[in-house]
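**Student:** Sequence:
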Amino acid sequence: MRILTRADFDGIVCAALLHEAEPITSPVRWVEPSEMQRGLITPEPTDIIANLPYAEGCALWFDHHVTNQPQRPFKGLYRIAPSAARLVYEYYADRLPLNFTELLSHTDDIDSANLTREQVLSPQDDPYLLLSMTISSRTKTDEPYWNRLVHLLRSTPIDGIMADGEVGRRSAETIRQNAIYEELLQRHTALCGQVAISDFRSFKKSPDGNRFLVYSLFPDAVVAVKIRYAIEDPDKIILSVGHSIFNSGCRINVGRMLSEFGGGGHAGAGATTFHRSKSEEYIKQIIDILKRNDGNR
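Under our numbering, the first residue of the sequence shown is numbered 1, with each subsequent residue one higher.
Keep in mind the hints are simulated off the structure, nothing from the lab. Here a beta-carbon is modelled for each residue, glycine too, at the ideal position from N, C-alpha and C. Don't take each hint at face value.
To be verified - Taking CB as the label site, the calculated pair distances span: (1) Ser-26 / Ser-155: 33 to 39 Å; (2) Thr-156 / Pro-23: 17 to 23 Å; (3) Pro-23 / Glu-143: 17 to 23 Å; (4) Gly-165 / Lys-204: 29 to 35 Å; (5) Ala-190 / Ser-155: 42 to 48 Å; (6) Arg-154 / Asp-288: 16 to 22 Å; (7) Glu-118 / Gly-193: 24 to 30 Å; (8) Pro-97 / Asp-235: 21 to 27 Å.
Stated by the list, open to error - Listed next, the in silico DSBU-like pairs over lysine-lysine satisfying Cα-Cα at most 35 Å (straight line): (9) Lys-140 / Lys-284; (10) Lys-204 / Lys-75; (11) Lys-204 / Lys-236.
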């Protein structure tokens with residue numbers, strides 16, 4: 001059996017739980033949601049897909065994104081939930097030990113952005129949150145690290161994980177990058193009504209950092225947009241949208257809106273990738289929808 005999942009904290013926790021519950025015999029295949037949406041992935045009959053859109057032919061599927069609602073019968077579990085890992089745990093409740101309870105609670109909070117301002121401003125004080133920030137799906141060269149975390153999360157308490165040499169190195173680098181990112185975020189973000197727009201297209205390699213920070217730095221915004229070039233294909237633009245986690249008031253279902261532009265996600269957050277030739281049209285349309293904020297999506 002093989003696991004197909006995405007390289008974020010929720011996906012890595014899904015992989016750790018599935019390794020405990022099933023006789024996994026092959027390395028995890030790390031997949032981007034857009035690859036599933038474009039039909040680039042053909043699953044094998046014994047594959048388990050988690051935290052990704054459904055693909056015909058898999059053995060089991062677990063997901064919680066509003067735009068991935070199943071249109072056909074499947075084996076596994078789908079429900080709008082704080083994390084996909086929560087659904088994996090529920091499905092295998094009789095096979096998994098209770099010592100995953102703390103990990104699941106933090107995974108729920110991180111994936112659903114159920115965080116305080118203090119956590120956002122000082123993630124170094126929250127080991128689970130800091131650990132999640134060491135994970136970036138920007139480059140496939142990080143696959144050994146993702147696999148290392150899957151192994152550590154299965155059997156090592158959080159203090160032991162944070163004491164791991166590679167985790168410690170990446171944690172220190174994450175704290176350093178977050179400080180740089182805060183400065184660049186302030187410099188390259190404009191407030192358009194109640195929409196905070198961070199445009200990083202002037203960078204060949206877009207800055208990366210604390211994805212929740214924009215909501216603390218721009219408290220008047222009810223929604224944030226980030227625009228950047230894809231690192232591995234500069235002809236592609238990645239646009240992500242998220243409701244403010246501190247200033248409620250955005251009435252747009254982000255995942256459903258972005259599904260109209262080739263993307264998807266949750267009601268409160270999502271992303272899409274498109275060719276740069278469509279950037280003027282797509283970006284204007286998305287921002288106009290968010291500015292109107294009429295809740296018709």
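**Student:** Against each hint, give a clear statement of whether it holds in the structure.
**Tutor:** Hints, one by one, checked against the model:
Checked against the hint of 33 to 39 Å, the C-beta distance between Ser-26 and Ser-155 comes to roughly 20 Å, which is inconsistent with it. For the pair Thr-156 and Pro-23, the beta carbons lie near 22 Å from each other, so the given range of 17 to 23 Å is met. At roughly 22 Å, the beta carbons of Pro-23 and Glu-143 sit within the given window of 17 to 23 Å. Roughly 31 Å separates the CB atoms of Gly-165 and Lys-204, a value that falls within the hinted 29 to 35 Å.
One distance hint, 42 to 48 Å for the beta-carbon pair Ala-190 and Ser-155, holds here, with the actual separation near 46 Å. A hinted range of 16 to 22 Å for the beta carbons of Arg-154 and Asp-288 is inconsistent with their spacing of about 46 Å. For Glu-118 and Gly-193, the Cβ-Cβ distance of about 28 Å falls inside the hinted range of 24 to 30 Å, so the restraint holds. For Pro-97 and Asp-235, the hinted distance range of 21 to 27 Å is not satisfied, since their beta carbons lie about 47 Å from each other.
Taking the CA atoms of Lys-140 and Lys-284, the gap is near 31 Å; set against the 35 Å cutoff, the hint holds. For the given pair, Lys-204 sits about 42 Å from Lys-75 by alpha-carbon distance, which is inconsistent with the 35 Å threshold. Note on Lys-204 and Lys-236: the hinted pairing holds, with a Cα-Cα distance of about 12 Å set against a maximum of 35 Å.
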